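Please take these sequences and the hints and turn them into a complete structure.
Number of protein chains: 2
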Amino acid sequence: MSNKLVYNFGDGTADGDASMKNTLGGKGANLAEMSKLGLPVPPGFTIITDVCNAYYENKKNFPKELESQVTQALKLIEQKIGANFGDEKNPLLFSVRSGARASMPGMMDTVLNLGLNDKTVAGLAQKTGNKRFAYDSYRRFIQMYSDVVLGVDHYNFEVILDEKKEELGVTLDTDIGADDLEDLTKLFKEKVKEETGKNFPQDVNEQLWGAISAVFNSWMNDRAITYRQLNDIPAAWGTAVNVQSMVFGNMGNDCATGVAFTRNPSTGDKSFYGEYLINAQGEDVVAGIRTPQSITKKAKAEAGSDLPAMEESMPEVYQQLVEIYKKLELHYRDMQDIEFTVQNNKLWMLQTRSGKRTASAALKIAVDMVSEKLITKEEALKRIDPESLDQLLHPTLDPKAKIQVIARGLPASPGAASGAVVFDSADAEKRSQKEPVILVRSETSPEDIKGMHVSQGILTARGGMTSHAAVVARGMGTCCVSGATSLHIDNGGKFFTVGNVRVNEGDIITLNGSTGEVILGKVPTLKPNLSEDFKTIMGWADKVRRLKVRTNAETPADCMAAVEFGAEGIGLCRTEHMFFNEDRIISVREMILAEDKEGRKKALDKLLPIQEKDFAEIFKIMSGLPVTIRLLDPPLHEFLPHKKEEIEQVAKVIGIDSSFVKRRISALKEENPMLGHRGCRLGISYPEIYEMQAKAIFGAALKVAKETGKDVSLEIMIPLVVTKKELEILNAVIRKAQSELGYNKKYMIGTMIELPRAALMAGDIAKEAEFFSFGTNDLTQTTFGLSRDDSSNFLPHYQEAGIFEKDPFACLDQDGVGQLVEIATERGRKTRPDLKLGICGEHGGDPSSITFCHKIGLDYVSCSPYRVPIARLAAARAALA
Amino acid sequence: MSNKLVYNFGDGTADGDASMKNTLGGKGANLAEMSKLGLPVPPGFTIITDVCNAYYENKKNFPKELESQVTQALKLIEQKIGANFGDEKNPLLFSVRSGARASMPGMMDTVLNLGLNDKTVAGLAQKTGNKRFAYDSYRRFIQMYSDVVLGVDHYNFEVILDEKKEELGVTLDTDIGADDLEDLTKLFKEKVKEETGKNFPQDVNEQLWGAISAVFNSWMNDRAITYRQLNDIPAAWGTAVNVQSMVFGNMGNDCATGVAFTRNPSTGDKSFYGEYLINAQGEDVVAGIRTPQSITKKAKAEAGSDLPAMEESMPEVYQQLVEIYKKLELHYRDMQDIEFTVQNNKLWMLQTRSGKRTASAALKIAVDMVSEKLITKEEALKRIDPESLDQLLHPTLDPKAKIQVIARGLPASPGAASGAVVFDSADAEKRSQKEPVILVRSETSPEDIKGMHVSQGILTARGGMTSHAAVVARGMGTCCVSGATSLHIDNGGKFFTVGNVRVNEGDIITLNGSTGEVILGKVPTLKPNLSEDFKTIMGWADKVRRLKVRTNAETPADCMAAVEFGAEGIGLCRTEHMFFNEDRIISVREMILAEDKEGRKKALDKLLPIQEKDFAEIFKIMSGLPVTIRLLDPPLHEFLPHKKEEIEQVAKVIGIDSSFVKRRISALKEENPMLGHRGCRLGISYPEIYEMQAKAIFGAALKVAKETGKDVSLEIMIPLVVTKKELEILNAVIRKAQSELGYNKKYMIGTMIELPRAALMAGDIAKEAEFFSFGTNDLTQTTFGLSRDDSSNFLPHYQEAGIFEKDPFACLDQDGVGQLVEIATERGRKTRPDLKLGICGEHGGDPSSITFCHKIGLDYVSCSPYRVPIARLAAARAALA
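Protein sequence lines correspond, in order, to chains A and B.
Mind the numbering: the first sequence is residues 2 to 882 in the working numbering, read in order.
Mind the numbering: the second sequence is residues 2 to 882 in the working numbering, read in order.
Treat the hints loosely; a few may be bogus.
Since the list gives no way to pick out one identical chain from another, each pair is judged satisfied if it fits inside one copy or across any two copies.
[As the list claims (entries may be wrong)] Within a straight-line C-alpha distance of at most 16 Å, the following computed EDC-like cross-link-like pairs (lysine to aspartate or glutamate) qualify:
1. K435 with D790
2. K725 with D816
3. K663 with E646
4. K199 with E183
5. K166 with D428
6. K725 with E806
7. K663 with E639
8. K726 with E801
9. K726 with E806
10. K299 with E313
11. K726 with D816
Worth flagging that the hints you see were computed from the coordinates, not collected in a lab.
In this text, all values refer to a predicted model and were calculated from it rather than measured experimentally.
In structure tokens, the structure reads:
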């Protein structure tokens, strides 16, 4: 750890700068940078992130050098401001805030107005000539400090406040007078004594160290841990603590507080965009308690609001703010999210950071900034999180659908979603395992983070575009409508009413996050219409990437969607998916139930023309792009019926006794079907199945080539191989079918590498395989000895306990499974230098796994159609890395 | 292929010698060697094994050089013998036999008396003055040649023979006179014409090439393929063909034929041992049609026979034979199995080879030969197939049991077995899947090989100690009683009678292969009493081997048996096996059904003293030897009841509703339990389970150390680990229990390496593990993606198709799984040079897998108690290799 634990900022100078995020946290680094830029930043200091780690490593004790460095920093601020910490006449007050390397909005604790006690409050009243303000600040401070530092729940104080209001016969906090507020501070302190057995601390230094400890402690609270897991933030980063002199937006009507974005975070439009509140503290804006006003006249008009814009109410300060935001954006070369406070008509900057934005905004901003020559194309690609594109690729509401709009709120996070209504985070977690849910809350708070994560959409009755719900939902790419004020929510009764409509828990509603509409029932959706910005970015990505991107698809609809999304072929066509259609399942069952080869062949003969037609359709859509067809893979019993009626129906159609069907079903049952009689093992046992499939493939390829005049680029893939010999035997079956059909075009036969033995024996297997496709789903299951179907019981706990950093089924385990992929790549290529290599597990659509695939030199990744653009961008970023 | 395809032998010279087994086959090499030794060997030649491969590679055509070399060889024999092939006056006759590198008794085809036709038969009659002999030889030749070469089943000729005997009113073949035999040859030839549409070949060269082809063809018959699979003989070895001039043991009473062993193949006693028949062809002895006579007077007395021994009937030839057998044993320095024929009082040696022997005979012969200074101790160890010890280690009949002996036969293969009676190979294969079976046959033939393999014991009504049944059973280590002549078998009715006892198919009988007793019903068995020879060999093995041998055991009985067999510790104590006892399963179920940690702890508190007692018992028996205890491994649902009554019982005892039990059982059900919530995953989810087990272990170790004054050598093993972190967490649970119990002795914590990821991450895992034990059962399942429980459907087919050379669950897959074991060994030792390494899968008792474990440097193998001696010997042989 460095010797310098405390960094000063403010008054046009700073010890640090924006490059020191790792040390100062995001907030601290940017406060330093703004100070250096000469912007009006209230003086303060940052305790570095290393102190957080030292604090935890040393049983929550601070390094001994810290105290003197803090004392020195305090003195410097006192000099700059001309006020003193704890001074009874001219008291200096502080805010104490967290500030990690990555933004974790609302996850950690904050204390404001620190430095007030029974004496300094009087000094503040006298100095400001505003006793009401002073005692209002003091009662807020007692409540916040007691909650955060002393562990006295804020609920205790709210009850006292409510009683006081009742006693006074008023409904708004602002209607409470100065004396009553003073009285409240006494009642609050009594409550603290009652709950903690100790007096509320009057020593301002005790207050300060209590608050610093509390902020460090909040690094390890449940919310923060969950947020870090969801966002892949290592616990070892730690948080910094920012102690900053207070400025007040709530000292009267020449005061205000606000947040703003240098461009529209929802659309990406190049227009200054924000909200403010007159006579308020900063927390009032983001907490969503009062609905805030627009900053610009333009935004006011668009929102149809009649509350004055800041541009109108504080035109000079507004001009100053405009100059500052432009300076900041130019300086940082990125859209900024800024916080400010106006105290007695003086503007203070409290924060700037890269603003969170929707995916479409990210695309627009990136493309615009390239044409503004602010950034390069490569920088533009690096600015866009591939995963975020997901929200652009999801369906929107069908405009032709008849919809019953029951309420309107703010379009807080775009997209559309239908789901069952739930009213709290726990219900959301539970119900979401069975069906999509919409979380409905008066307003969300950081405690709701888990529930928000599992919900398809979020609806709040209060709060603006920058409320907690809106910010978090946009970050997650989850559709959100905020501030739908006509909603009356009864959390106890688990229903809400809007007008005379009552919506109970479990009822289905639909949200349109792009318009703010709340709709009763489920609404049909449409594929997203991709913007020009999207296409521009994808074009840049395609020029940069080396990895090809294919898709896993077998239905014509999926194939078409994938091609539209830019897929360069099919990496995995699962033929068995075609077996389930109503017109063929009976023949499939007949084949399985047959007692001998003759019986099987009879049934397969019926399937042949159907499969051929399926393949022909796909070949036509793919129009010469490579198509990898995997031969039958799952255990046969998956196709058999389980319900009594179905069993009887099959027996009847086939003309056998239903008791035979039952016996056969039970004979085919396996203890561990994942490891059973499936994949190429079926082809070895019943070569006639693969023979039929091969004939269907070659037949279709011949027809399509003749019809379209364009050859099919055919790759036949044999699953679940563990020895070269299996491939030898089955290649012979395929070659025989090929020669019988007189197919004389080039095609490839390859195999899935999806079992550890296949990876280890890849050098041998490559003698018979012209390509490998890594089936990382099964490879993960077998390498870990972990059934995907059965792991949900304990996998979450494994992640919480830090045993698995990430879900290995979502994100390729590079340490373990990755070794096998590398081994197979190396040995396969050694045998056959032109071996084509790809990946077709779920991981083919996961950006970090794609980076790995790029690094080890695979030729392509294959993923579900809707992840194709994500994969294209991820592949480009991998190439740039 | 070499240019020399044909090797001559006989008359004191030979082109080859005993070292050329790979080229000449065992029979050919030894015929050459005997010739060189100056023994009387009928002249002949050997067509080398490479020709067999060339024949199959070239669509069953011979290399073109072969014909001229055969012709030359024939001429050489004609010169030596002074007779000519096909000569009408002085015909030379040949036998044509197979001869592979490894002995495959009776699996391939043979043709005798080749060279006879309508003209040469007359010459033979005249030359020998024995028309009856000549036509008897001819009718035998026609039958054999037609069966083997022309595909006319021998049944056809037997029917004609039976009709002729009926017509003549005689019962024995020997009662048929010369003219009637001549007539039979005509009837036989007519039958051939009828069946094949062609005349029986009169051209002796056509006969010869037909026979040579037939022998090569028989290399690929079903019996031979099965035998090769059972005995791990590669098809690529091929067979040689031996063409040898005929000598006749059936030309009169100064003729005989016999087989003998230079030492007793059943007991190993150093006494010449064999059987012969006057006036017979060799096949008569082994086919078991006539019960043969003893060679020595001593054996005759022991058998209680009144037929004259060869020592009495042919004293001079006998003396000559004694000299030869001594010379052969001294020359080969091993017990020999010899075949001879006496033609007109002249002795001819037809074969010598290392004799098959029982395991106890192998031990005795090896130990004796060491004391006779014929071989070294190391050679002695190399001579004994570890697998063969298995037959010594199996139980024998309890001498105190009351038994009802219903018949007596020859003690053809030692050991004892009870089982349900079956009467043919197919029934044996079927029924053996449900229960142990005893195969009962009049006499066995090579077609019965599959049925013999699946039977616990073999009982024949005819045939001697060297009959097919006896030889094959000894080789398999299967108990066999042969020649129980009082049995009357009704194959059609599927029963046998003996006196007035009738035994139906499915009735249980017991065989005592060491006494020849056939016993009605099931007889209790006793552990084997190991011979001094056994102990001597084991002592030598223990001095040579580097690998330690431990056992997999958890019951006191198994632990004691293992210690007696020489186990040097417990390598795997499966704690869950202790959970199934009646006195604890209820508590186990209570624990699983508990809704929370408190409920689980309550149930675990009841289990703690029981487990402690179990462990204490084991620690006492093992008396300071290392004991590796694996913590709970299987998925919890394995312990839950499935029958309605059981469910109700549990519900009642625990005091919960049975519907809850049912729900819980269904909730715990997994799709792929092998890959589910088991092993250390249970310990992570419910640390209280492992805590209880750790406390029971330390508690027991403390008690036993106090009681016996001897420390327990304790190794605690955590199963199914895939990350270091799992071990970290669970080690802490164990260390906590240790410190709570105040256990301050040395002990180790280690892990199973049983999943591919664990092997790949071994370097990391070894940071937390003091030992690794390779769980190769699960490692094989996951590396292959192959469920042991489900593979029986297709594994046999995989072996037949040559995809798997051996069952990977029986014999470690060194190519694939072995790589992971090697990787883990290397990486684990790199992290922790003193890492202790062992194997505890089934492979720990398999000789070839043990060789692998030795080679890669493991410290020990662990196997089931009864395989401990096998492992000790295998480990010694691995060290010698």
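Structure-based check of all given hints:
no. : hint           : result
1   : K435 with D790 : within (15 Å within a copy, 32 Å between copies)
2   : K725 with D816 : between (27 Å within a copy, 12 Å between copies)
3   : K663 with E646 : within (12 Å within a copy, 25 Å between copies)
4   : K199 with E183 : neither (20 Å within a copy, 127 Å between copies)
5   : K166 with D428 : neither (33 Å within a copy, 94 Å between copies)
6   : K725 with E806 : between (35 Å within a copy, 13 Å between copies)
7   : K663 with E639 : within (14 Å within a copy, 25 Å between copies)
8   : K726 with E801 : between (43 Å within a copy, 12 Å between copies)
9   : K726 with E806 : between (38 Å within a copy, 11 Å between copies)
10  : K299 with E313 : within (11 Å within a copy, 129 Å between copies)
11  : K726 with D816 : between (30 Å within a copy, 14 Å between copies)
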